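A.B. asks: Just need the whole structure built from these sequences, with the hints factored in.
What follows is the residue order along each chain.
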Amino acid sequence: MDFRSALSFALPLGIAIAAIGSGIGLGMIGQGAMQAIGRQPEAAAKVQLAMIIIAALAEALTIYAFVTMFWLSGNIH
Amino acid sequence: MGLEFLARVRRSTLGLAALGALLALTYAGWRAGLGSAAGALWSLANLWLIERLVVAITETDSNGRGVQGSSGAEAAEQTALPSRERTAWHWRRATWPLAALVALFAAGAWLLARLPAPALVAGFLLPFAVMLFKAVALVVMAAPFWARITRAPLRALALVAAIAALAWATAALLPGLGAAQSPGAAHAPAARAPGGSPASEAEAGGGPERFPNLVTVIADALPGSPWAHVLHRFEPVLFSILVALILALVAFFATRKPQLIPGGLQNGVEWAVESLYDFVCGILGPKYGRRYAPYLGTLFIYILAMNLFGLIPFMDSPTSSLNVTVGLAILTFLYVQWTGLRELGVLGYLDHMAGNPRSVLTWAMVPIMVPVHIIGELAKPVSLSCRLFGNVFGEDMLLVAFTTLGVASLSFLRLPFGLPLQIPFLLLALLTSTIQALVFTVLSTIYFLLMLPHEEHGHEEAAQPA
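Chains as they are written, first to last, in the numbering used here: chain E, 1 to 77; chain X, 78 to 543.
Please note that a few of the clues may not be correct.
[Stated by the list, open to error] Just a few of them, taken from the derived set where beta-carbon distance is under 10 angstroms, the chain X residues facing chain E:
| no. | residue |
| --- | --- |
| 1 | F356 |
| 2 | G359 |
| 3 | I360 |
| 4 | C463 |
| 5 | R464 |
| 6 | F470 |
| 7 | I512 |
| 8 | L515 |
| 9 | I523 |
Rather than coming from a laboratory, the hints here were simulated on the basis of the structure.
Since the structure is predicted, the reported quantities are computational estimates derived from the model, not experimental observations.
Idealized CB from N, CA, C, for every residue including glycine.
C.D. replies: Structure follows, in structure tokens:
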């Protein structure tokens, strides 16, 4: 297998795996935040702020995979 | 009718000329776009001056009549008497439009020498076409059969469908238009590759396709010149300086005449500053919040403006270039380290880096904690910059991909536009732009919080790093 076909398999797969991971993470973050808001609705603003920060941290992992894909995708063609 | 009709023609022509110039710019190159815009403006100015001339000549007549009506015999004598003087008065009134017309013709000759003549002529004919269509529309809409058609929705729908079919058939039948469009459409995406010098080709070779912006349009207009190369190189820098200038102007105009009861701009800016200040103080506490709110608030406003700047046509987000985001992240990194050195002292800083060893066990952990802390500090700017860059860049790529898809989906019709498939993603881009600016600011604030002396915040109810 030459490196072009290897890359064209690996890059979408890499993004997909990263997206699975951060999707699970985002779901758990959202679940935790929703439960916290449900238990203590008056703290909704603080919980939402923390939720957004942690969600951005989790989402960043997919973004790293995305950036890597764009850096390497020029080598395919 | 009359002057009011002409004013309406002028307004419609301005809008149409802008649209036509944009289309010509996209499909036939910048010279054609500039030419058609210049031609339309020239023609409008010409018409306006002629209108002034006619007004200047006829106005005296009505004036004379008014005077005659109001104060009887003397005025009648006056109007009767000096017919030569009256014509002189006409000519004096008409002098400046005449002089301006001469100047305008000179400018037209200069334009003809500089810009492509067909585009200029097309622009010149545009106001007359608008006038013709408006006149036809006025006549048709007054006619009774038009009312009969528009009153029944089914008939009106059929008419619209017939007009659309006619336009489509005409566009397909015109061989020149079809032939002119397809190379134009093929030229637009490939504009970077053949247009530039080898260096710009190499730059465009690896990178993905992007929207054209002001800098790339200007740089494509001057292929091969060193200026184009410099412009391409410094594109994000130029746009970020532009954003900074706009923000500085807004700040200047908002604070120029401060009032006790603010209105409009001052009110909005005060609201933004106050909420950012409260936000930073809520995390850092009142003492440090007051000190770091200017930097962190500026960071938020600047990043938000830069993210949203890419959504304006012919503009680009500077944050979709890694250079800008790395610059911002390095600034935050250096400021945080300097804050640590200043607030904790050199020994305190080293103590912080060693994980605040107090017992035998923690002293034994020092050889592990120091590299961990150093790597952690260095990873902060990397993750900050990559996150912002990746989000804004990915959002741009998404918009480009869906715009391309929208254009491609209608390409068999040979129309100069496509389906607006990118509109839902524009809304998504608004959301991510705001959230990423917020995230950058909040994480910077938390880095400051982690570096500051911890005892200060122990008893506060503000958000803790846990």
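A.B. asks: Work down the list of hints and note, for each, if the structure agrees.
C.D. replies: For each hint, the structure was consulted:
no., hint, verdict
1, F356, "holds, 9 angstroms"
2, G359, "holds, 9 angstroms"
3, I360, "holds, 9 angstroms"
4, C463, "holds, 6 angstroms"
5, R464, "holds, 4 angstroms"
6, F470, "holds, 7 angstroms"
7, I512, "holds, 6 angstroms"
8, L515, "holds, 7 angstroms"
9, I523, "holds, 8 angstroms"
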